[in-house]
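Colleague: This is what each chain is made of:
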Amino acid sequence: MAAGALERVTGTCMIGDAWFAERTVDAPPVARVDGREVDFAEAVEASAAILGEARLPLVCGLGQTDCESQRAAVALAERIGAVIDPAGPVVDGTVGAASQAIGLSTATFGELRDRAELVVAWRADPVASHPRLLPRLRLDRAGRATAGGDFDRTLVVIDVQRTATADEADAFIELPPELDFEALWSMRALVRGVPLDRDLAARLPLDGLGQLADRFRACGYGAVLPGPGLVASAAGYVNALALLALVRDLARIAHVVALPLRQDGNARGAEDVLAWQTGYPAAVSFARGHPRARPGEFSAAGVLERGETDAALIVGFDALRHLPPRAADNLRRIPTIVVDPRATETAAAARVAFATAAGGVHREGTAHRMDGVPVPLPAPLASARAGDEQVLAAIAARVAGAEGT
Amino acid sequence: MLRIAQGRVYDPANGVDGDVRDVCLNGGKVVEELPSHAPRIDARGMIVMPGGVDIHSHIAGPKVNAARKLAPEEHRADPLDRTAIMRSGTGGTVPSTFTTGYRYALLGYTTVVDAATPPLAARHTLAELRDTPIVDAAFLVLMGNNLPMFELIRDAGPDGAGPVTEAVAWWLEATGGYGVKLVNPGGVEMWKHGNRNVTSLDDEVEGLGVTPRRVLEAIATSVDELGLPHPVHVHCNNLGVAGNWRTTLDTLDTLQGRRAHLAHLQFHAYGGTPGKRPRSRAPELAEHLDAHPEHSADVGQVMFGPATTITADAPVSARLREITGGKWVNADLEAETGCGIVPFAYRERNYVHALQWAIGLELFLLSRDPWRVVLSTDHPNGGSFLSYPRLIRLLMDREFRNEQIDRVNQKAIRRTVLRDRLEREYTLGEIAIITRAGPARLLGLADKGHLGVGADADVTVYGEHEDREQMFATPRYVIKGGRVIVEDGELREAPAGDLLRVEADHDEAIERTLRPLFEEHYSVQFANYPVREPWLLEPARRIPARRDGSGR
Amino acid sequence: MPLTLTLREPPTVPLETEGLSPDRLATRRRGEIEALTVWHGNRRAQLADFFAVSGNGGEELRVEGDLRRVKFLGAGMTDGRLTVAGDAGMHTGADMRGGELVVEGDVGDFAGVNMHGGRLVVEGSAGHQLGGAHPGERAGMRGGEILVHGDAGDQVGTGLRRGLIAVAGRVGDAAGLRMLAGTIVALGGLGAPPGAAMRRGTIVAMSHVTLLPTFAFACSYRPPFLRLYLRHLRALGLPLTDDQIEGRYARWCGDGLELRRGEILILEAGR
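Chains as they are written, first to last, in my numbering: chain G, 1 to 405; chain W, 1 to 552; chain P, 1 to 271.
The hints are simulated quantities; they were obtained by calculation from the structure and are not laboratory data.
By construction, the Cβ of each residue, glycine as well, lies at the ideal position given by its N, Cα and C atoms.
Take these hints with a grain of salt, some might be off.
What the hints assert, rightly or not - Chain W is nowhere near these chain G residues, computed Cβ spacing over 10 Å in every case:
#1 22
#2 34
#3 39
#4 103
#5 168
#6 192
#7 193
#8 195
#9 197
#10 215
#11 279
#12 280
#13 329
#14 330
#15 348
To be verified - Heads up, incomplete: computed chain W residues facing chain P, CB under 8 Å, no partners named:
#16 71
#17 79
#18 348
#19 349
Produce the complete structure using the sequences and hints provided.
Modeller: Structure follows, in C-alpha cells:
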C-alpha cells in the first residue's frame, strides 16, 4: 500500500484480483440521481421517496455485500413492505429450496480437505470458477499426497464435456445436461441395489456411474460438489432434489456430504441473515407486515419477469447483466436504486445510485463462506464513503421519519 | 425507579418464600428502599419472582439457523407482524431471532443460555444474539470433539491439564463464550470416520490417542482450575440408547470430585439393552445426583407435540432420520464438531415417547434437591420453550398430572415409578428454584435468579391463577434491567439484551502451541479466528472466573 | 344475476384477495362485501377500491375483469360456485375444501395447491405446481378434482396424496414428484421425469413418455378402474376418445427407489 492506495494485491487469484480492482479503480460519484451528481442526503431522500411510494418494492442482490449490510437490507425491506430475495437462486442455484424438502448433508472445507477420500464435481469446474479451491483442498495433483494424513484421494468429474477440472481428475464421466436427473436417480438405484430397467437406462453412462457407486462404497468419507450447471438451470430444483436424495442415500453407506459451489462471495451470508431474521432463506415478502416465503412467487427473477414490482433496490448486484432477459427488461421500466461499490451497467441505469465503500476493502465486516464458516472482512484501505450498511440504514431512517414512527 | 408493591415474593436464594413485601428497583438493580413517591406496580395478590433463567436452550447460531431453513411449513403457520416496537418474524419450534427474544420475554424469561456453539462459528452465534432482543444471552463453546484440543489432551499426560487449561481459557476469550460444553466427547469425531461412534468411555478415538474418559477428565479439570463460573456442561455419550444410564453413571463417577453439569439428563437415563426397548433408570440417577453435591443436571423434559431435534451429536440424528424417514441435516464443522437436525413429533401413544416423558417427570419428582435438577426441555429438542408453563403445571398439579398419565402409553408408564402415582407437587418456591434461582446459581450468575439487593432488576410478576399453566404462560409484568418490558401480557418495549461472557485469563504463550495446530486442522487463518468485532461483542458483561483452584 | 365482482382495471402490482369465495360472501350484505380487506402489494385496501359489486348473494359468485394479477381467488372455499370470467392469478383455488371453481381462462402458478376437496376447472391452461404442496410440506393435494382443458406447467401434483388431476393438453416436467397416492391423467403428453419418488398412485399418459429407469414394466392390460375414471372425465367435458377409454395400457411400476407401489399407465398404440 502506498499513500492510501493499493499498489499490489498479493495472495489472491485472478478472480480475486478482478474483484479487488472493480472496487478500487475509477470510483464513481458518491451519489447520483437521474445521472446527476448529488450529495448523500439528497440521494437518501430520493430513495426514501421512491420506496415509500412503492406498493411492491423489490430488494435484491445481497450476495456480494457483508452480513452487516444484509442485516440492514432485511430491516429496510421489512420497513417498506418489500419482497426481498438474494441473487443466490439466479446465480447460485436451488439447493437451498430443495433442502427444505429433504434436508442436506454437508461439511466445511477443512473437513473435505482432511477427510474426503473421494470428491465428485458434478457440473462444477472449480479450476475455472474457483481457482483457489482445489489447491486449498489439496486436490490438485501436486498437493494431494500431503493432505492431512496418508490416504489416497480420488477426484471424479461429471460434466457435459471435458473441463479444466476434468483434466485434473482421476476419472471423467461425460453426461449431457438433459440426463443429469436420470443419472443422479440411477446412481441412487445403483447405490441401493435397486434394479434398473436396462432399456430405459440405455442412454446413461452406467459403467461410469456404477464405478462411481463402488468408489463411494469403498470410501470412508466422500463429497459431492454440485455446480451451477446442475442446480441453477431450468431443471435446477429437481436436479438439486435428486442430488440431495443421492447424498442422503450415500450417507448410509459412507460418510458423504455435498457442498454446492457458489459464485457470489457472501451468498451464503444473505441466506443466513434472512433465515435468522425471518425464518426463510430466500424469496420473502414483507408486503403484509410479516414474512411469507415462496420460491417461484417471491423470487426476484419471478417478480421481475411477471412485472409485479414497481420499484427495486439492488444491493451489490449487476442485475441487468445477470437476470433473465425479460426480467432485465422489466427492471428497466421501474425506478431503481442501486447500492454498489462498483460502477456497473445496473448502477449506470439507476434512478438513484450510491457508490459505496466496499466491504472487505474499505470497510470491516463479516461474511459467510459458501460452507457457512463466518469470517471477518478486513479493511486494508480507507474510504470516506458510506458503506452499504450505512446507506441502507439511512434510507430506512428516512422512510421511518416520513412515516412518523 | 420502580417499586413492586406488596406482592407475594418468591426469592429462594434469599430464603423468601411467599412473603408479602415490596421489591425496589433502581439503576437496573434491586435496591434496599426507594422514596415513597417512586412509581409503583400494585402487585397485591400477585406472585413476584426473579426473571426466568434458561440454562440449556438452542436459540442461535448455525445449527439453529439450519433448522429454521428446514421448517417453512412451521413458519408459514405462525407469522408475527411488525409493530411499532417489534420486528416481524415467524415462530414454530425454531422461531426467528426477534421472535425468540420477544417470546422468551413474554414468558417471563430474561436470561437464556445457548448450549452449543461451535467456536469456529462464534461470529454467527454472536450476530444472531445481537438480533435476539430483550434477553441477556450467553453461549457455551463446544470442545469435546476438537482436534487441536485432543492433541493437547493426549500430550498432557495424566497429572496435569496445563496447556489444556490455557487453551480452554483462550477459546473462551477468542469466541466471547461463557462456558464449556462437551457433546458425546470423541463420538462426533468418530462419526466423521465413516459414520462410527464411541459406545463406552474407554473407546479410543481412532488415531488420536484419547478416549471419552480422558477428554472428560482433562476438560473438567481445566474448567475447575480456571474457576469458571459454570462447571463443564456435559452431553454424555450414548444419548438415546437403551442402557445408556450406565454410561451416564460412569461419566458421573469419572467426574467425581470435579464440578459438572449434565445436560438433558432424561435422554441419558435409559435402562435395557441397546437396540431393544428402553426402560427407566431415573430413580438410580436421581439418587446418585442427590449424593453428589458437585454435580447437577437439567432435565430435558419431552413434551408431546412438535419438536425439532438440533444437536452437535450428529450420529444421534442419523438414527432419528431412520425413525422418521423425513428431513435430515448433517453438517460437519472442521476440527471441532458436527451437527444433526431432524424435525420430530412426540406422541402420547408411542411407547418410547411416553417413556421419555415419564422419565423426565420422574427425575423432577424424585430429585430431592431442586437446586441441582433444574427445568429444561432442551428447546427445541424435547419441545419448545413455550411448553414450560404446561410442564410447570405437570409438576405443581397432581390431579392434572395423573389425568395426563392416564392418556399416554400405559406399557411405558408401567416401566416407571409414575405408576405409583407420585404424590409430590412442586411448590411455587420450588418452581422459582428450578426456573431461575437454581439455573442462575449453577451458571454462576451472581446477579441473576434472585431479588437480593444488588441483583439485576429482572423480575416477573404473575397473576395468581389456579391453572398454573395459564398463570405461567402470561405474566402480568416482566421487568428487565428495571424497565417494564411486558405489561398485561403485551410487549411494551424491546431493548437489546447483554451478551454474558466469561473473563478468564490465559497465558498468551498458548498461542505458540495453538498456531501450528490451527494451521494443520483449520481452513481459516489463526489470526482471523478470534472474534474482535465490537459490533458482535457489545453490549457485553464480563463475569470473572476465579482462578484460585477453589472453584466457587 | 349472481353476485358479480368486476375488476375495474388491472392492478399495478398483485392484488391478494383470500376472502373472495362464494361461501364467505353468500350471507354478507353489499356494504360488507365492499368493505372486505384486499391487499394491493403492501397496502391494505377495500374490495370496492378495485371491484364494482353487483347482483345478489347466494351460492354463486362471478368475478370478471383482467384478473391475471389477482391472487388467491377462491382460495380456501368450502362450498358454492365461483366463476372467474377470464384469466386468474396465482394460488387460485389453493387450500380449497369444497364447491366448484370454474376459471374461463388461464390460471397462474400454485393453483389448487394443498386442495382438500371440491372441483377446480380451468378452461385455459394452468401454470407450475398445479395441485402441489406448500413449501416444506410432505403432502400436497389431499382430495378433490382439478380439470384443465389446456396445458399445465411443471411439477403438477407434487406430493399428491389423494384426488384427481386431469389435463387435456400437455403436462410439463416432473409431474407427480414425490406423490403419495392419487391420480394424474395427462391426455396431451407428459414431460420428463414423471413420478419421480412416487410411492403409490397412478399417472396416466396417452402417448410416449420418457420413464426413469427405476420404473419396471409390469404388464399390458385394460385397467377396469381407469375406464370408470376416464368416462367420468368425459362426462365432465374432457376430450376422451373411445380408444383411450377402452384401450390397453402398459403398466409400469415405480418408483423403485420408494415403495414401488405407484404405477404409470401408458396407452398402447392400436388396441
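Colleague: All hints, please: hold or fail.
Modeller: We went through each hint and held it up to the structure:
no. : hint : verdict
1   : 22   : 23 Å, holds
2   : 34   : 32 Å, holds
3   : 39   : 27 Å, holds
4   : 103  : 4 Å, violated
5   : 168  : 20 Å, holds
6   : 192  : 14 Å, holds
7   : 193  : 17 Å, holds
8   : 195  : 22 Å, holds
9   : 197  : 25 Å, holds
10  : 215  : 14 Å, holds
11  : 279  : 4 Å, violated
12  : 280  : 6 Å, violated
13  : 329  : 31 Å, holds
14  : 330  : 27 Å, holds
15  : 348  : 32 Å, holds
16  : 71   : 6 Å, holds
17  : 79   : 13 Å, violated
18  : 348  : 22 Å, violated
19  : 349  : 21 Å, violated
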